[in-house]
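J.: Here is what each chain is made of, one letter per residue.
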Amino acid sequence: MLKIKNLHAGVEENEILNGINLEVNPGEVHAIMGPNGSGKSTLAAVIAGKEEFEISEGHIEFEGEDLEDAAPEERAHKGIFMSFQYPVEIPGVSVTNFIKTAINESRKARGEEEMPANKMLKLIREKSELLEIDRKFLSRSLNQGFSGGEKKRNEIFQMAMLEPKLAILDETDSGLDIDALRIVAHGVNKLRSKDNAVIVITHYQRLLDYIIPDFVHVLQEGKIVKSGSKDLALELEDKGYDWLKDEVVPQ
Amino acid sequence: MGSKHTENIDLREKLVSSFLAFQSHVDVDHPVHDIRSEAIRNFEIKGFPNRKEEAWKYTSLGKLQKIDFSIFPKKVNALEYSDVKQYFLHEMDTYKIVFIDGIYSSYLSETTHDGVDICLMSAALTKPIYEPIIELYFNKAAKGEDSLTSLNTAFSKEGAYIYIPKSKAPIKPIEIIHFATGKESSLMLQPRNLIIAEENAELQIIERHQSLTSNDVLTNAVTEIFAAKNSIVDYYKVQNDSSNASLIDNTYISQKQGSAVHVHTFSFGGNITRNNLNFYQDGERIDSTLKGVTILNNKQHVDHHTLVHHQQPNCESHQDYKGIYADKATGVFNGKIIVDEVAQKTNAFQQNNNILISDDATINTKPQLEIFADDVKCSHGCTIGQLDEEALFYLRARGIPRKEAQALLMYAFANNVLESVRIPELKLRINKLIAEKLGVHLGFDL
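Respectively, the protein sequence lines represent chains A and B.
The opening residue of the first sequence carries number 1 in the numbering used here; numbering runs sequentially from there.
The opening residue of the second sequence carries number 1 in the numbering used here; numbering runs sequentially from there.
Just chain A, same shape as in the assembly (with noise of 0.2 Å):
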């Protein structure tokens, strides 16, 4: 599904990714874990079409196709979503609207024709409700206000409605007490199919307590360098990173 390989990326002269190789397939679900500054989030941003970072070297396969010159959006169209760690706050336009629209759009970008309002509408219950979401929550507007907590489930509830091919959850468990932790990574498991794929980006093992991984990959100083299964996660809980820094993945 997803096919990354020697990917070079950063902003103007100062490389962020020294070479990512990375290879997510249908049903799978990836950690990709690391210290601050090693380039996780810039991972996340650049597999979402964020124009800030330049390609310099390396490329990006989504289903067979180079995302090169995929914008933002086409990307989202073809099914990539990422969660963000800082969600936009958007005054006046309403989290029902917002979610509309946005999935409207998507449609129109594949030619179907726009969800009817009761569809809609029984979809935002459904989905609502799988992330325990008041109702009144869902007229506010979007991020305005909120918690750090109602942004990251609302993140959720926005992934649990565009049911993305390949969902990157950049940080979405910072900010998160236990129970919205719990909430969330329900909302996460109940979307898994072998149809779809999930990259989970974080700092701490915690996370991965409620999304198992099938693998574990450490990035420091822009690449990889170690892969593993779940248990790497609990290692490196316990010893930290310091210990990988002479590690280099074979090619």
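Treat the hints loosely; a few may be bogus.
Claimed, not checked - Below, a list of computed lysine-lysine pairs in the BS3-like style, where the Cα atoms sit at most 30 Å apart:
| no. | chain 1 | residue 1 | chain 2 | residue 2 |
| --- | --- | --- | --- | --- |
| 1 | A | Lys-122 | B | Lys-427 |
| 2 | B | Lys-403 | A | Lys-165 |
| 3 | B | Lys-427 | A | Lys-78 |
| 4 | B | Lys-437 | A | Lys-108 |
| 5 | B | Lys-432 | A | Lys-119 |
| 6 | A | Lys-50 | B | Lys-437 |
| 7 | B | Lys-157 | B | Lys-74 |
| 8 | A | Lys-122 | B | Lys-432 |
| 9 | B | Lys-168 | B | Lys-183 |
| 10 | B | Lys-157 | A | Lys-119 |
| 11 | A | Lys-119 | B | Lys-63 |
Treat the hints as calculated values from the structure; they're not laboratory data.
Based on the hints, put chain B in the right spot on chain A.
T.: Okay, now just chain B, sitting in the frame of chain A:
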């Protein structure tokens, strides 16, 4: 275009000499005529303001003065309601005072004398029954040295006259609409409005100038609003005119104790638009609110000059203007606040935020504070920026294309000014105008 550009005409001279002809159409024995005569003298001396004056530094009337405007409405032109329905707030019932090329249209209007007077200035300036009120209020707030106000005063004859007696409120909002049909190749209009809300009275007004032609139109309007003790006045100015229509709006508001006057100015189009909005607080516990959303493109120009004069203690003023400028559009915001020495415990707030979405767009923004009292809270701030790239990326990552995402962010930027619009139908209408102006269909009613 249909306008005649002649090198030799001088609009000032033409106006001054037209005053002689004008006198034969009005009652020169009426007390108001002395005021007119004095006003034309002031205009004759001063002429049109030019860019050497600080207050007109960024707005030039030079080109307009080269146009050979018709100064008097010549003939009665008719319009079918179905052709202009879109310019009315037709989603709801309203009183309507409608003018076509400067002449009152009884066919399109709905006035009343039932407990309140919602009618015509021409009646108020001629019928003896109105004389005491006219004597008390006419030109009392607008008096002064401003040459364009004087010009309007000199030719004051027609416009809206609204009188709300003590503790009364009209049952529905009042629309004041001026249409220009283009039957004249270029037309100058000078409507004069007088609005009086007596103690505890309450009213809502929506004003609109609409040219239906590509011929040149220049409107030099003066509106005086008197808000007596504890009255509430909501005034909405919808400026979305065609690209050859220019407007100079001079609004003077005199407030007494405990009154609240809210003026919203929505500037979405026109050639040159100049808004001179002046508040004078003459009493305690007064609330003056000035809000504006300006969205311009092409070569449109809007100049907001506001003045709030705090003359008594314990009053408030709130100014919040948002501007979005595209293409080669230019904007001006100049917000003057005067706090007299006696006006202790004044709370004056002013904010002007702007987004430039093109490298060729310009905004000149300037707060002007003259504070002579020592126990006051005055805050002001202005920002000029571009759309937040991070926010744009967020929306695009959800599948919303760049153009729609930009529009959504601009809408969000302007939104808080809309929150205080107290007529839901109008709010919806403004939302639609904003979406239209931003050139997007967002798939839902904002």
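J.: Look at each hint and say if it fits the structure.
T.: Hints, one by one, checked against the model:
1. A/Lys-122 with B/Lys-427: holds, 29 Å
2. B/Lys-403 with A/Lys-165: Roughly 25 Å between the alpha carbons, so the hint for B/Lys-403 and A/Lys-165 holds.
3. B/Lys-427 with A/Lys-78: At roughly 37 Å apart (the allowed maximum being 30 Å), A/Lys-78 and B/Lys-427 break the hint.
4. B/Lys-437 with A/Lys-108: holds, 22 Å
5. B/Lys-432 with A/Lys-119: Holds, at about 26 Å.
6. A/Lys-50 with B/Lys-437: The given pair, whose Cα atoms are some 28 Å apart, holds under the 30 Å limit.
7. B/Lys-157 with B/Lys-74: holds, 14 Å
8. A/Lys-122 with B/Lys-432: holds, 27 Å
9. B/Lys-168 with B/Lys-183: violated, 40 Å
10. B/Lys-157 with A/Lys-119: Roughly 59 Å between the alpha carbons, so the hint for B/Lys-157 and A/Lys-119 is violated.
11. A/Lys-119 with B/Lys-63: Violated, at roughly 57 Å.
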